[in-house]
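Going line by line, the protein sequences match chains A and B. For reference, each letter of the first sequence is one residue, going 23 to 529 in this note's numbering. For reference, each letter of the second sequence is one residue, going 23 to 529 in this note's numbering.
Any given hint could turn out to be false.
Note that the list lumps identical chains together, so a pair holds whenever it fits in one copy or between two copies.
Restricting the straight-line Cα-Cα distance to at most 25 Å, the calculated cross-link-like pairs of lysine to aspartate or glutamate (DMTMM-like) are [said to hold, decoys possible]: (1) LYS257 / GLU333; (2) LYS364 / GLU287; (3) LYS364 / GLU443; (4) LYS442 / ASP132.
Don't read these hints as lab results, they were simulated from the structure.
Residue strings, one per chain:
Number of protein chains: 2
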Amino acid sequence: MSAPRAATPGPGPGAVPGEALHGRALELELGSSTQTSHRLLAYSDALLSIIATVMILPVAHTKIHPDQKLGESVQQLLLTKIAVYLMTFLIVTVAWAAHVRLFQVIELIDDVLALLNLACMMIITFLPYTFSLMASFPGVPFGIFLFSVCAVVIGLIQAVIVLYGFYHPHLLNQQIQVSENQNFYKRHILKIILRGPILCFLAAVFSFFFIPLSYVLLGLVIIFPHLSRFITWCKTKILGQRNEEEEYHSLETFSFYLSEPLSKERVEAFSDGVYAIVATLLILDICEDNVPDPREVREKFHGSLLEALSEYGPNYLAYFGSFVTIGLLWFVHHSLFLYVTKATRLMGLLNILSLAFIGGLPLAYQLTSEFAEKSHNEIEAIQVSCVITFFASIFQFAIWTTALLHERETLHPFARYGGKEHAFMFAKLALYPCVSLGAFFLTCLLSEFSTEIFHLMQIVIPFAFLALRIFVRISLTLIKSVMSLSRRKVVLLEEEEACLSPTDTLS
Amino acid sequence: MSAPRAATPGPGPGAVPGEALHGRALELELGSSTQTSHRLLAYSDALLSIIATVMILPVAHTKIHPDQKLGESVQQLLLTKIAVYLMTFLIVTVAWAAHVRLFQVIELIDDVLALLNLACMMIITFLPYTFSLMASFPGVPFGIFLFSVCAVVIGLIQAVIVLYGFYHPHLLNQQIQVSENQNFYKRHILKIILRGPILCFLAAVFSFFFIPLSYVLLGLVIIFPHLSRFITWCKTKILGQRNEEEEYHSLETFSFYLSEPLSKERVEAFSDGVYAIVATLLILDICEDNVPDPREVREKFHGSLLEALSEYGPNYLAYFGSFVTIGLLWFVHHSLFLYVTKATRLMGLLNILSLAFIGGLPLAYQLTSEFAEKSHNEIEAIQVSCVITFFASIFQFAIWTTALLHERETLHPFARYGGKEHAFMFAKLALYPCVSLGAFFLTCLLSEFSTEIFHLMQIVIPFAFLALRIFVRISLTLIKSVMSLSRRKVVLLEEEEACLSPTDTLS
Numbered sequence: 023m024s025a026p027r028a029a030t031p032g033p034g035p036g037a038v039p040g041e042a043l044h045g046r047a048l049e050l051e052l053g054s055s056t057q058t059s060h061r062l063l064a065y066s067d068a069l070l071s072i073i074a075t076v077m078i079l080p081v082a083h084t085k086i087h088p089d090q091k092l093g094e095s096v097q098q099l100l101l102t103k104i105a106v107y108l109m110t111f112l113i114v115t116v117a118w119a120a121h122v123r124l125f126q127v128i129e130l131i132d133d134v135l136a137l138l139n140l141a142c143m144m145i146i147t148f149l150p151y152t153f154s155l156m157a158s159f160p161g162v163p164f165g166i167f168l169f170s171v172c173a174v175v176i177g178l179i180q181a182v183i184v185l186y187g188f189y190h191p192h193l194l195n196q197q198i199q200v201s202e203n204q205n206f207y208k209r210h211i212l213k214i215i216l217r218g219p220i221l222c223f224l225a226a227v228f229s230f231f232f233i234p235l236s237y238v239l240l241g242l243v244i245i246f247p248h249l250s251r252f253i254t255w256c257k258t259k260i261l262g263q264r265n266e267e268e269e270y271h272s273l274e275t276f277s278f279y280l281s282e283p284l285s286k287e288r289v290e291a292f293s294d295g296v297y298a299i300v301a302t303l304l305i306l307d308i309c310e311d312n313v314p315d316p317r318e319v320r321e322k323f324h325g326s327l328l329e330a331l332s333e334y335g336p337n338y339l340a341y342f343g344s345f346v347t348i349g350l351l352w353f354v355h356h357s358l359f360l361y362v363t364k365a366t367r368l369m370g371l372l373n374i375l376s377l378a379f380i381g382g383l384p385l386a387y388q389l390t391s392e393f394a395e396k397s398h399n400e401i402e403a404i405q406v407s408c409v410i411t412f413f414a415s416i417f418q419f420a421i422w423t424t425a426l427l428h429e430r431e432t433l434h435p436f437a438r439y440g441g442k443e444h445a446f447m448f449a450k451l452a453l454y455p456c457v458s459l460g461a462f463f464l465t466c467l468l469s470e471f472s473t474e475i476f477h478l479m480q481i482v483i484p485f486a487f488l489a490l491r492i493f494v495r496i497s498l499t500l501i502k503s504v505m506s507l508s509r510r511k512v513v514l515l516e517e518e519e520a521c522l523s524p525t526d527t528l529s
Numbered sequence: 023m024s025a026p027r028a029a030t031p032g033p034g035p036g037a038v039p040g041e042a043l044h045g046r047a048l049e050l051e052l053g054s055s056t057q058t059s060h061r062l063l064a065y066s067d068a069l070l071s072i073i074a075t076v077m078i079l080p081v082a083h084t085k086i087h088p089d090q091k092l093g094e095s096v097q098q099l100l101l102t103k104i105a106v107y108l109m110t111f112l113i114v115t116v117a118w119a120a121h122v123r124l125f126q127v128i129e130l131i132d133d134v135l136a137l138l139n140l141a142c143m144m145i146i147t148f149l150p151y152t153f154s155l156m157a158s159f160p161g162v163p164f165g166i167f168l169f170s171v172c173a174v175v176i177g178l179i180q181a182v183i184v185l186y187g188f189y190h191p192h193l194l195n196q197q198i199q200v201s202e203n204q205n206f207y208k209r210h211i212l213k214i215i216l217r218g219p220i221l222c223f224l225a226a227v228f229s230f231f232f233i234p235l236s237y238v239l240l241g242l243v244i245i246f247p248h249l250s251r252f253i254t255w256c257k258t259k260i261l262g263q264r265n266e267e268e269e270y271h272s273l274e275t276f277s278f279y280l281s282e283p284l285s286k287e288r289v290e291a292f293s294d295g296v297y298a299i300v301a302t303l304l305i306l307d308i309c310e311d312n313v314p315d316p317r318e319v320r321e322k323f324h325g326s327l328l329e330a331l332s333e334y335g336p337n338y339l340a341y342f343g344s345f346v347t348i349g350l351l352w353f354v355h356h357s358l359f360l361y362v363t364k365a366t367r368l369m370g371l372l373n374i375l376s377l378a379f380i381g382g383l384p385l386a387y388q389l390t391s392e393f394a395e396k397s398h399n400e401i402e403a404i405q406v407s408c409v410i411t412f413f414a415s416i417f418q419f420a421i422w423t424t425a426l427l428h429e430r431e432t433l434h435p436f437a438r439y440g441g442k443e444h445a446f447m448f449a450k451l452a453l454y455p456c457v458s459l460g461a462f463f464l465t466c467l468l469s470e471f472s473t474e475i476f477h478l479m480q481i482v483i484p485f486a487f488l489a490l491r492i493f494v495r496i497s498l499t500l501i502k503s504v505m506s507l508s509r510r511k512v513v514l515l516e517e518e519e520a521c522l523s524p525t526d527t528l529s
């Protein structure tokens, strides 16, 4: 009955048919249900991206009275919360990067691995809470202790995943499966995965004796991967060719997954998660806070719902403003990664920095909605929005520049230097940094019209994106015609010279 | 320079190389940047799934004092909010289904379509707010009016997307591209897309005259697709073969995308989004509400942070409990869809119903955390949790049963009736319904131990999942041996009969 359909190639549990068949054959052989990890990874990416951006909520919900100037104490509180947000974001992205690496080694999963991964996710989603404890009680060791314990547990679970994977080698990456020195790989991967947890364990121990040292150790966890890479890079630069050759050799004995490029799909999935949750954060608030109380409407507004709702006008404006900005920045990110074939680690870092600022956008727009009327802080709020937008978009620009530096490995042929698509991409990426910088300085100069400038900016940008292609084409044609004119001039001059030169050389 | 790399097959903007090349060729020809829609759809799925589940937050945040019995008024309020949640969930899933259908017709996108889609998403994410206005002011036409206007705008944007797609036929599905009667397809798709908005437009008009009619019209929007399908089904059953043939014919002139199966990838992506946001909803609350105030800790707990935190114990327990339940239900869903090759519309509907109950889980667990101490409502809270878990898991079970009814089209060969994988899947799906039902009745009988039973259930289930494979294997072997024993008995009996029968027939 099933025989005629068994050969149908239809979209099955294995996205890559060869791999699925391979896993299938082994499954029949070993009697365990092996699966591709694609959906598990997508789910993990969604969880991690939500958790990374969650800590912006306490920042955004810090209540500031509209007639109160941003005082010292409020600023202090805001700064602490922003620091917590940034630290959480970076720590979660470090955990995410480790997770990416882990599942580049283990390519197929089974039920045990899926459950272990879920346990790991559960502890990771608890991290933001330990961080906010640390921020509220910087002098109490318990916060650091709890955080470190969580990190150690995460590390141990991931180590168990690695050991389980190497115990069932059919789950591993093909390249490791066929290699002879699996033990070497195992030790190397365990070293990478347990590096952070060991530092955290030390931090937990020291938290009872000398707290500042614990903080230094935790800071090390975040910058360690980049630091070690930077040191290697410096060494290569200083010691020159010999070392580079050696590094090349070590890259060869390791395989692709231990070298630079991150998985492009997972970078995209994580970014999509962050953009999606950030885009919807404001509507969560609006749904909860901005539905008027029926009794209040009856008493205060004489039953006119429309009048009551008009009170919330600035909130709606802020929502649409933030959604448009985030949507368009996603659009730029999407266009950018269409041209990218591989993401290097530096591009990954820049992407994460860009995302960290994206996470700040709802805060910025909440500020603009709260200060919209009769407030002293209107200009500050708008300027904060401009600054956040500027940094979010300039880091996207930096991703593009970094990609261009290694364009052979990272970019599609048709997006490299000089093509029309290249110019268009450049214009897309430059739009937001230019406009936000322009708006920032305009609000400094014309401080009375700051709100008008801001709203104008929001309305103009989407249309600018639509018209960008036409604009780029016109300017390219202009440049070309100017170039050809000047070239013709040069040719004419050369001809003139050529006409003159014989007499010159003769004389 | 780019020539030697141009042929590299690497993972590019086109997931399907042939399609990408096709798009690429056209791009060069037409000078527009055509892209595959994969990432746009993933982002849309993430946004829609978050928005669908968001309205559970107002339900979960309804404050109930622990010593207050669930009174009439609170129950009324809760019921209204739950109704809003369910309505929002269903409306957003209807919008999602329309979106899936739309992008089955339009397979490639360009910048204009991406921006139009983002505009569409922006309006959709605003829908929950209009719904909560409707719930708070059921007698005021403005809420319905606003909702209907949003729905009409969404319909118009989608219609523009369709028209744009048919104006640039290289963006369309291959099957439509090569077909001769594109106009017929265009009209058909426009009819499907504009059906809902037209009903909403009527609702908006009637909202000023006779509000109940508007509500009926809005209800129609949700059930219309299922209703029309049900009527067709009934007709087929009553009128029999003749009609079925006709339907078959019409299915042939339409193509696969207009017939039943939903895109499996998008069902998975949407479900993942819902599971991910629901799993993290409780930690959002914990991060905001359960960080003690430093001053309070100093005054009330004599500076002991640990003591202050122990107050929140039940909240942590609720968080881990809800994460584990949602994680395991995701795990079951994941296992289920590994065996599914195509999702029929009925399976999609059952999946959405299951997800709607999943969305209720954080609420249930919040109830258990709030009532954990000195409360009259402990048992009710636990029973609500059990009921929600039961329905969420029984609908998953129903997906499996429905899939089995059409197993040739919907399931992988190795998961069909009778295989070992089949028995294992069955056990996985049956675990949660059985346990939650068992816990429900146990709490009725042993009401003093309800909390203990509930916690025991939470701890036991993950281990049950790990041990399930072993358990299934043992029971299968047992059944087999029993079967073979009884078969041997039957054989023996038959032999005896055979020995006896000649004499019997003789006598």
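Starting from the hint list further up, note which numbers the structure goes against and sort them upward. When the structure is compared with the hints, only number 1 turns out to be violated.
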